Amino acid sequence: MTKFVIRRLLWTIPVLLLVILFTFLMMRQIKGNPFRKTERAVPASIQANLNRKFHLDDPWYVQYADYVKGVFTLDLGPSLVLRNQSVNDIVRSHFPVSLELGAYAFLFAIVVGIPLGMIAALRANKPADYGAMLIANVGFAVPSFLVATLLIYYFAVKWDVGVPTSGWDTWQSKILPSIALGFFPMAYFARLVRGTMLETLQQDYVRTAKAKGLRPQRVVGLHVLRNSLIPVVTAAGPLLGAVITGSFIIETIFAIPGIGRYYVNSVSARDYSVTMGLTILYAVIVIFGNLVVDILYGFLDPRTREART
Amino acid sequence: MRSMRTRTPFALALLVAVAALVAAGCGGGSSSDNNTGSAGSGKLAADQTITLAWGAEPPSLDPGLATDTTSSNVLLNIMDPLVKLDPKTLKPVPNLAESWDVNGANVTFHLRHDGKWTNGQPVTANDFVYSWLRTISPELGADYAYQFFGIKGASDYNSCDPKKSDCNALKAKVGISAPDKYTLKVQLVSPQPWFIQQVAHHSFLAVNRSAVEKWGEKWTQPGHIVTNGPFKLAVWKHDAEIDLAKWNGWRDAKDVKLTRVDGKIITDGTTAVQAFSAGEVDVNTTGIPPADLPRLKTEDTYQNYPALGTYYYGLNVKNVPLGERKALAFAIDRKEIIDNIAQADQVPATGFSPKGIPGFSTIDNTYLEPTADMAKAKELLAKTPNAKKHINLFVNDAPGHKEIAIAIQAAWKKLGIDVTLKQMEWAQFLEFLGPPPNKSVDAYRLGWIGDYVDDINFLELWTCKSGNNNTNYCNPKYDALIAKARATKDNGERQKVYAQAEDMLTGPNGDFPIIPIYWYTYVTQEAPSVKDSFNINLLDQFDLSKVKVVNG
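Quick note, the sequences are listed as chains A and B, same order.
Taken in order, the first sequence gives residues 0 to 308; the numbers are from numbering that gives the first Met the number 0.
Taken in order, the second sequence gives residues 0 to 551; the numbers are from numbering that gives the first Met the number 0.
Incorrect hints may appear among the rest.
For lysine-lysine, the following DSS-like pairs were computed, each having C-alpha atoms within a straight-line distance of at most 30 Å [unchecked claim]:
no., chain 1, residue 1, chain 2, residue 2
1, A, LYS68, B, LYS217
2, B, LYS334, B, LYS464
3, B, LYS87, B, LYS438
4, B, LYS354, B, LYS388
5, B, LYS495, A, LYS157
6, B, LYS354, A, LYS30
7, A, LYS30, B, LYS163
The set of hints was computed from the structure by calculation and includes no laboratory data.
Keep in mind that this is a model prediction, so the values were computed, not measured.
Turn these sequences into a full structure, and let the hints guide you.
Quick look at the structure:
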């Protein structure tokens, strides 16, 4: 196992180098000038000063080498647009917010989604199932921006239950965005749990357990649930990554100072260093997320461990 | 610049607008009780704190590096400009400079002696010499360095490459000096009657040398920043909050009523509107999405200010002949576009120089009309044998532009002209426009918002060498008029030249490189308690030192 982990960690280095190279080359391919923010033309002397300041007048391979050197010394460079901040500053002040938001959303998804799926499976084709699946299907189909806007409209404006419309400071302000972001994964978990649980309920060992005369709670708690959760754990890893990194829309609607907005806005602003830095950050998250899932999976299902040593 | 583009990708903005419509439909558009009620008797409230929605995270609070409206408004309230502009007449009024002398190309500012930095140092003319040279310097890489190019030697110094030569000789030649502590002398390349007004722009603010040298690029952070205006930067949480607190050490602090401005950074219009109706902000400067305007316009809290800006369509004069350009201009119904699409009470533009610019009344604005004149358009087109029957129209993908383009597409279709809409993301769009524009561009939409209140700032766009002229239009007679205007010191006389120049663009015998659509407005929501004292001027600036909270 240790050998596997070390090998996977070493593999991240060439993967990262490739990610940097591809992002670097792709950013070069799209037209646009990071220093022209409004319709105003940038006079030639000012453009030259800016190119010189940010080393954009160097040949591309020199810029690439400088950048790679920076990445491995954990210096992601200055932002070309937010002139008094470095990419490190941006990551330091905004990534924790996205991480926190993602964690709450994920928690909501698990705490609500799994019981919802269980109820649906245990009361299959009964009103409780229809009710639970209605919620889940709505959550699956309705986009997050609509969920967010409706939550704000009803809870913060119309009924005014004490939650603010936007911001990220008090605990009250964190409720609506966490629910809005967690709504889709919640629905996803509910459907997944329902499906796998229905399948597990028909397994021979469940029939055996029932035949032994175990109480229904024990059958469900011990045998059914444990075995149904394996696919859920497998799905959870990548989903957690997606929740942390994919919160651009929710952050914009709730005016949350997270990092998702920087990723999207830096591309349209041609803020090369921010786009590159955040791509690397996301690459690292995805690589480690997959690594963790692979390790967990090894524990849950020893067969996969055998296959790769 | 707020009204012209937002960073929110179009698709997202559209989705949010749809969602807002749904929400509004469900609730019947009820508004919160917090903001209703009359403007009140004008009695000062005990609590002089307001909350305000800023429209964006300021990319920089360095006067040399700031380029957007939010940065500009934060800076103008925490710093002390030499001059301010009278909100009504737009004439320069003394501020930190108590007076000035203009002698041809030589301008001398006399500074007040009681200006002070928050670190206790006095504000002197040397601060301005240091700050202006810093902004012009090639090392800083300031976007707005060109604001100083009217000063002798500034452009040469800015063009110097420190890698190749020693720039200090050029720096010494820049015409900015301080003969004594409170006298600032500026030598311009030519007499520029608008220079005093131009100095009201945030790029002409002073920075504190000791703070800049101590903290380097991080000098604008709260705790590091040293300011000299009525307010201090109390809190700056990136992308979340900018709070200002009254600074009692300011020279006229006794006249400042507000003790604190709690600012939330809200970029999304729908979110800002909801925060306002929930009573979480007293002033919404983020704006109102067009979908919400019809509903909110009727409320007392809706405010609308004229702006010094023009929304226009440019035409590639190499592709589209003159008669057709005129026909296209006459086919557009400006009033209908404003009433049904833009909806923020913009003013139909019958010329490029915006309403509100000094000398506007001398311009004959009667050739183009707010509404369409289809008969005339068809007549003009019939006389143009080489008219192009197929036009490529380029617009960027920020909210609202496509809808206007579709209306114009329909209007031009009535002339028998097919329009292909090319919608692009902002940075790519600008690459296509040039100048010179890509050959495929026949028509494009753009806006222009003035930096200072003189029509030269608008009309010089259409000179041959202008970097903002994306039309290929180049008429030596027009350039000669602009040169003449530059050389005319008397305001009244100069404005007459501007009227001639405007006539060459959009008058009966005009060249029509552009079609004006509307003049911008700024839209806000303001609680009754601050509604009377909160105002936005033509340049989208607001002066918080004049704001007071009254009991409703």
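Structure-based check of each hint:
1. A:LYS68 x B:LYS217: holds (23 Å)
2. B:LYS334 x B:LYS464: violated (33 Å)
3. B:LYS87 x B:LYS438: violated (44 Å)
4. B:LYS354 x B:LYS388: violated (33 Å)
5. B:LYS495 x A:LYS157: violated (56 Å)
6. B:LYS354 x A:LYS30: violated (36 Å)
7. A:LYS30 x B:LYS163: holds (29 Å)
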